[in-house]
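Residue numbers (my numbering), protein chains in the order written: chain A, 1202 to 1500; chain B, 1202 to 1500; chain C, 1202 to 1500; chain D, 1202 to 1500.
Worth flagging that the hints you see were computed from the coordinates, not collected in a lab. A quick note: this is a predicted structure, and the numbers were derived from the prediction, not measured. Hints are supplied without guarantee of correctness; some may be wrong.
Identical chains blur together in the list; that is why a pair holds if it fits in one copy or across any two.
[Claimed, not checked] Calculated cross-link-like contacts (lysine-lysine; reagent style DSSO-like; alpha-carbon spacing at most 27 Å):
hint	residue 1	residue 2
1	Lys-1297	Lys-1270
2	Lys-1254	Lys-1270
3	Lys-1270	Lys-1494
4	Lys-1260	Lys-1297
5	Lys-1419	Lys-1494
There are 4 protein chains.
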Amino acid sequence: MLPSTLRTDLALEAQEALTCTPQETEGVKISETTVASHLTQTIVQIQTENAAKTIGKPKGTYITLESPKFAEHDDSFHATASKVLADCLTSFCPLKGNYQHPDTVLVVGLGNRNVTPDCLGPFCVDHLSISRHLFAEYGQAAFPTPTPYLLSGIVPGVMGQTGMETTEIIQGIVSTLRPALCILVDSLAARSIKRLNRTIQISDTGIQPGGGVGNHRKAITRENLGIPVLSLGVPMVVDAATIVTDSLQLVQKGPSTPLPSLPPSLHTLFVTPKDVDDRVSRLAFTLSEGINKAFGPSW
Amino acid sequence: MLPSTLRTDLALEAQEALTCTPQETEGVKISETTVASHLTQTIVQIQTENAAKTIGKPKGTYITLESPKFAEHDDSFHATASKVLADCLTSFCPLKGNYQHPDTVLVVGLGNRNVTPDCLGPFCVDHLSISRHLFAEYGQAAFPTPTPYLLSGIVPGVMGQTGMETTEIIQGIVSTLRPALCILVDSLAARSIKRLNRTIQISDTGIQPGGGVGNHRKAITRENLGIPVLSLGVPMVVDAATIVTDSLQLVQKGPSTPLPSLPPSLHTLFVTPKDVDDRVSRLAFTLSEGINKAFGPSW
Amino acid sequence: MLPSTLRTDLALEAQEALTCTPQETEGVKISETTVASHLTQTIVQIQTENAAKTIGKPKGTYITLESPKFAEHDDSFHATASKVLADCLTSFCPLKGNYQHPDTVLVVGLGNRNVTPDCLGPFCVDHLSISRHLFAEYGQAAFPTPTPYLLSGIVPGVMGQTGMETTEIIQGIVSTLRPALCILVDSLAARSIKRLNRTIQISDTGIQPGGGVGNHRKAITRENLGIPVLSLGVPMVVDAATIVTDSLQLVQKGPSTPLPSLPPSLHTLFVTPKDVDDRVSRLAFTLSEGINKAFGPSW
Amino acid sequence: MLPSTLRTDLALEAQEALTCTPQETEGVKISETTVASHLTQTIVQIQTENAAKTIGKPKGTYITLESPKFAEHDDSFHATASKVLADCLTSFCPLKGNYQHPDTVLVVGLGNRNVTPDCLGPFCVDHLSISRHLFAEYGQAAFPTPTPYLLSGIVPGVMGQTGMETTEIIQGIVSTLRPALCILVDSLAARSIKRLNRTIQISDTGIQPGGGVGNHRKAITRENLGIPVLSLGVPMVVDAATIVTDSLQLVQKGPSTPLPSLPPSLHTLFVTPKDVDDRVSRLAFTLSEGINKAFGPSW
Chain A
1202 MLPSTLRTDL
1212 ALEAQEALTC
1222 TPQETEGVKI
1232 SETTVASHLT
1242 QTIVQIQTEN
1252 AAKTIGKPKG
1262 TYITLESPKF
1272 AEHDDSFHAT
1282 ASKVLADCLT
1292 SFCPLKGNYQ
1302 HPDTVLVVGL
1312 GNRNVTPDCL
1322 GPFCVDHLSI
1332 SRHLFAEYGQ
1342 AAFPTPTPYL
1352 LSGIVPGVMG
1362 QTGMETTEII
1372 QGIVSTLRPA
1382 LCILVDSLAA
1392 RSIKRLNRTI
1402 QISDTGIQPG
1412 GGVGNHRKAI
1422 TRENLGIPVL
1432 SLGVPMVVDA
1442 ATIVTDSLQL
1452 VQKGPSTPLP
1462 SLPPSLHTLF
1472 VTPKDVDDRV
1482 SRLAFTLSEG
1492 INKAFGPSW
Chain B
1202 MLPSTLRTDL
1212 ALEAQEALTC
1222 TPQETEGVKI
1232 SETTVASHLT
1242 QTIVQIQTEN
1252 AAKTIGKPKG
1262 TYITLESPKF
1272 AEHDDSFHAT
1282 ASKVLADCLT
1292 SFCPLKGNYQ
1302 HPDTVLVVGL
1312 GNRNVTPDCL
1322 GPFCVDHLSI
1332 SRHLFAEYGQ
1342 AAFPTPTPYL
1352 LSGIVPGVMG
1362 QTGMETTEII
1372 QGIVSTLRPA
1382 LCILVDSLAA
1392 RSIKRLNRTI
1402 QISDTGIQPG
1412 GGVGNHRKAI
1422 TRENLGIPVL
1432 SLGVPMVVDA
1442 ATIVTDSLQL
1452 VQKGPSTPLP
1462 SLPPSLHTLF
1472 VTPKDVDDRV
1482 SRLAFTLSEG
1492 INKAFGPSW
Chain C
1202 MLPSTLRTDL
1212 ALEAQEALTC
1222 TPQETEGVKI
1232 SETTVASHLT
1242 QTIVQIQTEN
1252 AAKTIGKPKG
1262 TYITLESPKF
1272 AEHDDSFHAT
1282 ASKVLADCLT
1292 SFCPLKGNYQ
1302 HPDTVLVVGL
1312 GNRNVTPDCL
1322 GPFCVDHLSI
1332 SRHLFAEYGQ
1342 AAFPTPTPYL
1352 LSGIVPGVMG
1362 QTGMETTEII
1372 QGIVSTLRPA
1382 LCILVDSLAA
1392 RSIKRLNRTI
1402 QISDTGIQPG
1412 GGVGNHRKAI
1422 TRENLGIPVL
1432 SLGVPMVVDA
1442 ATIVTDSLQL
1452 VQKGPSTPLP
1462 SLPPSLHTLF
1472 VTPKDVDDRV
1482 SRLAFTLSEG
1492 INKAFGPSW
Chain D
1202 MLPSTLRTDL
1212 ALEAQEALTC
1222 TPQETEGVKI
1232 SETTVASHLT
1242 QTIVQIQTEN
1252 AAKTIGKPKG
1262 TYITLESPKF
1272 AEHDDSFHAT
1282 ASKVLADCLT
1292 SFCPLKGNYQ
1302 HPDTVLVVGL
1312 GNRNVTPDCL
1322 GPFCVDHLSI
1332 SRHLFAEYGQ
1342 AAFPTPTPYL
1352 LSGIVPGVMG
1362 QTGMETTEII
1372 QGIVSTLRPA
1382 LCILVDSLAA
1392 RSIKRLNRTI
1402 QISDTGIQPG
1412 GGVGNHRKAI
1422 TRENLGIPVL
1432 SLGVPMVVDA
1442 ATIVTDSLQL
1452 VQKGPSTPLP
1462 SLPPSLHTLF
1472 VTPKDVDDRV
1482 SRLAFTLSEG
1492 INKAFGPSW
């Protein structure tokens, strides 16, 4: 099991951290394919409660798209990646689409717009082709070709700005809007700096307490929203405690030696790249294009 | 009655526009006092449905604080104004406060953060002393002295950004948060450029369809939220159609002559001062200080 | 001659406002061509000082690209427009390019980032493929194919933010950077609301005092910078005084009748569309793509 | 001497890192006083080139204001701190002030506005009482009482945004503006997380290559600007390599053991607190108030 200080929001990292080899973990299925040039897709399925407990991630499916090029300025790679992402979303999504009564998809941009590495969700919603209000006013005539989905979006802010749990806000909006699907977009914490800005994780498990950069306190899941939930994230930070623990382990050759206790202030700090502004803009745009291609109108 | 092109969100202007003198309008009560140096308070009470129809504003109370100094850079005036505003809010507010179970006050920052004159609501929420989450975690121990109110806030965005009616979003949040009071903060449209940035209107009537800069389509009121609603606004724009009509009337000496029809594109334009960035920041801060003094913790 | 209240930054509008037909104005040459679907190019050449005085714009060449589609969300039109713009810039530019010692092009984003319709220049610089520092460090190896130009950019802010005339700041930077060309990007004021967001003006005359939204006080020209200057702008506002005067003239059937004097406060107000945030983002991106195609590296 | 990975922009930390006690370092003078409740001032004077070499900081005076309260939300502490800072600036400043021909003070907000911990400089300039342009237009009549100094400010942006070295930009502006003093405001890197957001450093040595969050390449000093330079900074980040090295040293009990080599990617990462948005806003405001009190008009 993971030492508690070695936090990761990526299921892929969580299972890698197990001392046993992945094949040996009962209840976990892993498959890896190259889906495009420089782009690997890994599917981790956590199939039993036992496996969930071992890995420390809830039961469900986690798709990971990985490429060093996610962190680079390469427009054609990002265009390809957004198409692959759209395919993932479509295949993952339990909706069938309906041209008569299109399904509303609510995208929630989690995170704090005022903290650069936490902007992924807000920036992603900024670039969506929001369409629900147009259908409400003009019907399918609003679009060049009919659409089976209607996009809506919200950037709720973080608890220090709203005084509310994000879950409370989303539950409320879901109760009046009645969307068919909720997509959560959030900045994630990775365990390893190698994965920073190079991985997109898509899962059907929602967001757990303590996930993301801002550490939500309550889960945002299918259970507490009452509708299917997809979550979409990219690691933008590593916890400072994690990076230090990891380095200590390297020196001490393996995790068996007891680690010294870390100063508690380390847990309120995160590690992020110096050019995080460029990276978060680029990745937010790639995510929004993926969502637009899957659920937006054909503009 | 107002020519339909002469839009104003201020009850004070709406009643001034009547050809009869205010005293003659049945069902309307007006009182004016000087509440501080350079600061006039006018209370307009629209008491009957008939009066509401004549004036074109819903039944209710409208307090107007007016001063040329609202548009100026005068810290001591703004400090005074925020105290007067806090008193207005307290006296207007139907809550009594409760130290055991403090009442939650939800402040909604209406408008579009990306359009400068429409930033009043979002900027106001940015400066609030949000306290509800602190009480949830630490109780009254979170504050230097106990507080009878808990502040929470949301900036929902506008329909083009969310695909949702703002009312839908607020209704949803109210249904899960269950606040005791909702305060709506919005940029208003005035009829006269003389009132731009010089007036704060506080009312208990909520926001009507077509109000504000961004023209909400559905009302946000006590009726559709199920809790008391105060709305707070400052005129930041004049509709372009209004400014033109007003000028034509001046030339034609009185509103009796038929006005020429205006190009429809005029109705999608607004008029705003060149230094609107300074004005909106200053006024948003004054509003937030008023709300903080009335309902925030004593920091 | 233009009534002083009828301000426009567009040479095209200035010459249209003359009572004589364009053909009759000596020293002014006008040619119009359709350069792409939905895209008209008009070249106004003001060839004599007399003509400059009559029209109220300095001697020089003004290219105007016009299309109703500039105000619309149509990615393929904007892609075409940015190519046409790149061609205009290249043909207009006095530089020949040099792969051994590439010419530095300094792009100046004029205007106030905090006032939405005045953001065109700052947003345009935000999207440039800045390359000068990469060449300084890695030479041509920094780019996939060698580049004859190096892009640099600055957003100087407005006088209320800096305490300096923008000309002073640019003169200073030009004196140390020694660029071969300066491109000024600015939000313009149109006379007619029909031209708002539908016109790109490119000229070799620099920016005159009182131009743009923020009204620079000193000219920014080849004369006071000592290097060739291109200016690039899109009308984002109409002066409030202009819109009122124009309406009055319509009513009074022609400009011969004396106009009533306008309240002076009108001159500190401007008129802008309600969805100015979307328009300014889109147009800034189109301008930056045009500049990138003309002078940026081949990424 | 400091291991090269243990970077700090604070002279106080640099001298603390020496194995000898401060008193023993020749050419270094240190004095500490409590200047207000919870507020300690340490003056480090590096008096010889030898001492500069030993400590790794240029010859000059470094004033450090330290308090745990800098990181807290305590308006009255921040008001006191800004007064103490104003006194430091005034006593440090070589200008005498002149009511007839007031001295221009140019404040440069270094750093990248798009990366939260690097916003200190830009945010500080945003809050200055810029006055130079008012004097240029109205003379001393612009102010309630005459002022001996005129404030001007610039936010130049970082090299990735401008393609220019920041020094080039400032040198240019200084050459046309001819200010009497230049104040540089920048986010700093500390060695220890204990000093994050709790220390203001004021020095007369300018900014050295590799300082700040964004790592300027060329020095910005009195030598290359030709006028006196004060620099003002607050540690907002710790280099990731530093935090790891520091932790390893703790485990290995002292710096004598050879440290393992760190992955090079660590050097492109920084560590910052999760609530960096609140901290940077608060501290930028405190700095701007200090500068306003020392050099701004009496508003």
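Inset, instruction - Go through the copies and call it for Lys-1419 and Lys-1494: within, between, both or neither, with a Cα cutoff of 27 Å. - result: For Lys-1419 and Lys-1494, neither the intra-copy (30 Å) nor the inter-copy (31 Å) Cα distance is at most 27 Å.
Inset, instruction - Up to 27 Å between alpha-carbons, please classify Lys-1254 paired with Lys-1270: within, between, both or neither. - result: Cα proximity of Lys-1254 and Lys-1270: none, with 33 Å in one copy and 42 Å across.
Inset, instruction - Up to 27 Å between alpha-carbons, please classify Lys-1270 paired with Lys-1494: within, between, both or neither. - result: Cα proximity of Lys-1270 and Lys-1494: in one copy and across copies (21 Å, 23 Å).
Legend entry - Within, between, both or neither, where Lys-1260 and Lys-1297 count as close if Cα-Cα is 27 Å or less: within (24 Å within a copy, 48 Å between copies)
Inset, instruction - Using 27 Å as the alpha carbon limit, work out where Lys-1297 and Lys-1270 are close: within a copy, between copies, both or neither. - result: Neither: 32 Å inside a chain and 35 Å across chains, both beyond 27 Å.
Checked against the numbered hints listed earlier, the structure breaks hints 1, 2 and 5; every other hint is satisfied.
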